[in-house]
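Student: Sequence:
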Amino acid sequence: MRRRLLIAATLAIAGCSGGSAHIDVRADLDDIALASAVEIHASGCHTEPIRGGGSGIIGGYVLTAAHVVAGATSITVRSAAFGSTTGVAAHLVAVDPANDLALLAAPGLLLAGLPLGKASAGDLGVAVIVRDHAGIAAPFTISRPVSVRILDIYQHDTVTRSGYQVAIEIEPGDSGAVLVGPRGDAVGVLYARSQAAENRAWATSTSAVPGLLQRAAGVDTATGIDPGPCAG
Numbered sequence: 001m002r003r004r005l006l007i008a009a010t011l012a013i014a015g016c017s018g019g020s021a022h023i024d025v026r027a028d029l030d031d032i033a034l035a036s037a038v039e040i041h042a043s044g045c046h047t048e049p050i051r052g053g054g055s056g057i058i059g060g061y062v063l064t065a066a067h068v069v070a071g072a073t074s075i076t077v078r079s080a081a082f083g084s085t086t087g088v089a090a091h092l093v094a095v096d097p098a099n100d101l102a103l104l105a106a107p108g109l110l111l112a113g114l115p116l117g118k119a120s121a122g123d124l125g126v127a128v129i130v131r132d133h134a135g136i137a138a139p140f141t142i143s144r145p146v147s148v149r150i151l152d153i154y155q156h157d158t159v160t161r162s163g164y165q166v167a168i169e170i171e172p173g174d175s176g177a178v179l180v181g182p183r184g185d186a187v188g189v190l191y192a193r194s195q196a197a198e199n200r201a202w203a204t205s206t207s208a209v210p211g212l213l214q215r216a217a218g219v220d221t222a223t224g225i226d227p228g229p230c231a232g
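In UniProt numbering, the protein residues as written are 1 to 232.
Because the hints were derived from the structure by calculation, they are not lab data. Please note that a few of the clues may not be correct.
[Claimed, not checked] With beta-carbon atoms standing in for the labels, derived distance ranges:
| id | residue 1 | residue 2 | range |
| --- | --- | --- | --- |
| 1 | Thr86 | Glu48 | 16 to 26 Å |
| 2 | Ala27 | Pro49 | 32 to 42 Å |
| 3 | Ala197 | Ser162 | 13 to 23 Å |
| 4 | Ser74 | Ala27 | 16 to 26 Å |
| 5 | Ser194 | Arg51 | 15 to 25 Å |
| 6 | Asn199 | Ala89 | 29 to 39 Å |
| 7 | Gln155 | Leu110 | 34 to 44 Å |
| 8 | Arg26 | Phe82 | 31 to 41 Å |
| 9 | Gln155 | Gln214 | 25 to 35 Å |
| 10 | Ser194 | Thr221 | 17 to 27 Å |
| 11 | Leu110 | Ala196 | 23 to 33 Å |
Heads up, the beta-carbon is just placed ideally off N, CA and C, and yes, glycines get one too.
Kindly produce the complete structure, drawing on both the sequences and the hints.
Tutor: As structure tokens, then:
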């Protein structure tokens, strides 16, 4: 994750109160998360490719953070489950600069598709992060829902982004990793980590994803859409 996001996400966080009943975590949650997870390499905006994470969701698309893939002239994805170094070409089919969300089409890559869900404070789950080409199911706890005032991915407009403050240890390059909630659904997408605390990060909720799915439905998955400018 880039430095601008680490700084911007600390500027204005408005917490939302409220708890929820305890939800038991599925025993097979790690397997579910790993079966859907990918590692992404996006080239064209920097000397070195930008690395990020993502997961397959309903509809056959890969969900990730928009700042990972915006402006990319070449995108490759590979399954995080098998430790393979071979990727397949992917194309951007929908992007939401305000919420830092994007959908990719990766024809030829078989992934499990996560359903969409939402989370509450105290919920547990896992997000797949990649180390040395191997996917690791990293545990997380939803600290609280948040509404963040932040610049969009192009650094043009100040927007309000709904999501979660998350207790999880992540590193640069983990942007786009999907939070898989206790029921096995996609509840958020990581986009920034704290400079002040090692186990604090922020994720966008998946509430805007249905709109992205509608926009992606009319796009040719073999070519995708114009990737637009690179993230600021």
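Student: Range hint 16 to 26 Å: satisfied by the CB atoms of serine 74 and alanine 27?
Tutor: violated, 39 Å
Student: Tell me if the beta carbons of serine 194 and arginine 51 are separated by a distance inside 15 to 25 Å.
Tutor: holds, 20 Å
Student: For the hint 17 to 27 Å, verify it against the beta carbon of serine 194 and that of threonine 221.
Tutor: Check failed, 36 Å falls outside 17 to 27 Å.
Student: Given a hinted range of 34 to 44 Å, is it respected by the beta-carbon distance of glutamine 155 and leucine 110?
Tutor: Check passed, 36 Å falls within 34 to 44 Å.
Student: Indicate whether the distance between the beta carbons of leucine 110 and alanine 196 respects the range 23 to 33 Å.
Tutor: Violated, since leucine 110 and alanine 196 (Cβ atoms, about 40 Å apart) do not stay within the stated range.
Student: Given a hinted range of 25 to 35 Å, is it respected by the beta-carbon distance of glutamine 155 and glutamine 214?
Tutor: holds, 27 Å
Student: Return holds or violated for the Cβ distance of arginine 26 and phenylalanine 82 against the range 31 to 41 Å.
Tutor: The hinted range 31 to 41 Å is violated for arginine 26 and phenylalanine 82, with Cβ atoms some 21 Å apart.
Student: Lying within 16 to 26 Å: is that true of the beta-carbon distance threonine 86 to glutamate 48?
Tutor: holds, 19 Å
Student: Can you tell me whether the CB distance of alanine 27 to proline 49 sits inside 32 to 42 Å?
Tutor: This hint holds: roughly 36 Å between Cβ atoms.
Student: Could you check the hint for me, namely that alanine 197 and serine 162 are 13 to 23 Å apart, CB to CB?
Tutor: holds, 21 Å
Student: Return holds or violated for the Cβ distance of asparagine 199 and alanine 89 against the range 29 to 39 Å.
Tutor: holds, 35 Å
When each numbered hint is compared with the structure, violations occur for hints 4, 8, 10, 11.
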